[in-house]
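**Q** Below, each chain spelled out in residue letters.
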Amino acid sequence: GQSLEQPSEVTAVEGAIVQINCTYQTSGFYGLSWYQQHDGGAPTFLSYNGLDGLEETGRFSSFLSRSDSYGYLLLQELQMKDSASYFCAVGAGGKLIFGQGTELSVKP
Amino acid sequence: DAGVIQSPRHEVTEMGQEVTLRCKPISGHNSLFWYRQTMMRGLELLIYFNNNVPIDDSGMPEDRFSAKMPNASFSTLKIQPSEPRDSAVYFCASSLLEQGAYEQYFGPGTRLTVT
Chain A
1 GQSLEQPSEV TAVEGAIVQI NCTYQTSGFY GLSWYQQHDG GAPTFLSYNG
51 LDGLEETGRF SSFLSRSDSY GYLLLQELQM KDSASYFCAV GAGGKLIFGQ
101 GTELSVKP
Chain B
1 DAGVIQSPRH EVTEMGQEVT LRCKPISGHN SLFWYRQTMM RGLELLIYFN
51 NNVPIDDSGM PEDRFSAKMP NASFSTLKIQ PSEPRDSAVY FCASSLLEQG
101 AYEQYFGPGT RLTVT
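Chains as they are written, first to last, in our numbering: chain A, 1 to 108; chain B, 1 to 115.
For the record, the hints were derived by calculation from the structure and aren't laboratory data.
A quick note: this is a predicted structure, and the numbers were derived from the prediction, not measured.
Glycine included, every Cβ here is placed at the ideal spot set by N, Cα and C.
Watch out, some of these pointers could steer you wrong.
[As the list claims (entries may be wrong)] Some but not every residue of chain A turned toward chain B, in silico, with C-beta under 7 Å: (1) 24; (2) 45; (3) 94.
[Said to hold, decoys possible] One side only, chain B facing chain A, incomplete, derived with CB under 7 Å: (4) 28; (5) 42; (6) 43; (7) 45; (8) 48; (9) 72; (10) 74; (11) 102; (12) 103; (13) 108.
From just these sequences and the hints, can you work out the full model?
**A** Put into structure tokens, the structure is as follows:
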């Protein structure tokens with residue numbers, strides 16, 4: 001079967017750094033994606049890791065360790081607008097399987 | 001450029017009625033995915049198509065659910081008959097098959113309420 005685990009919620013203050021972890025178990029794994037979803041909105045793509053290591057896109061970075069079946073999303077210089085749910089998703093067999101999501105609350 | 005288009009945005013119907021949700025993927029995209037999102041079950045993949053052909057429908061909950069993609073620019077998800085437990089937000093997403101499924105573009109969703 002396939003399973004993903006990520007924390008259900010995280011709270012941080014504006015300007016801080018926060019890391020959202022994701023562990024997974026799946027067969028046919030080909031990569032880890034991260035999506036952001038604001039309340040009432042649609043998921044939007046943030047990043048993808050097909051290989052081990054760190055990918056950086058502006059304030060956001062994502063990391064993957066295939067040997068540990070582990071990845072994380074790092075958000076720096078947090079802003080109020082970063083308050084949202086963040087989903088990790090494993091790619092396997094031509095589709096994505098999404099985790100349950102981490103609700104990030106950014107406080108002033 | 002227009003993103004993924006879904007209609008209707010909101011649907012309220014009574015138990016037992018037929019519901020049809022519609023999706024227009026991004027032009028040029030050749031993979032299309034239907035998801036359902038609820039608080040309890042999260043974001044679940046129902047079915048996906050590559051080049052208009054259904055590839056994996058293992059997430060379709062019951063025979064009451066069916067999906068079609070008659071051409072590259074249109075797909076439908078039908079529920080017949082609908083039940084209160086089908087109440088959820090249904091998302092359609094599209095991507096380029098050649099790039100893998102990792103970067104998907106989601107439509108705004110259809111919020112379905114079955115009373």
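**Q** Just pull the numbers of the violated hints for me, sorted ascending.
**A** 1, 4, 9 and 10
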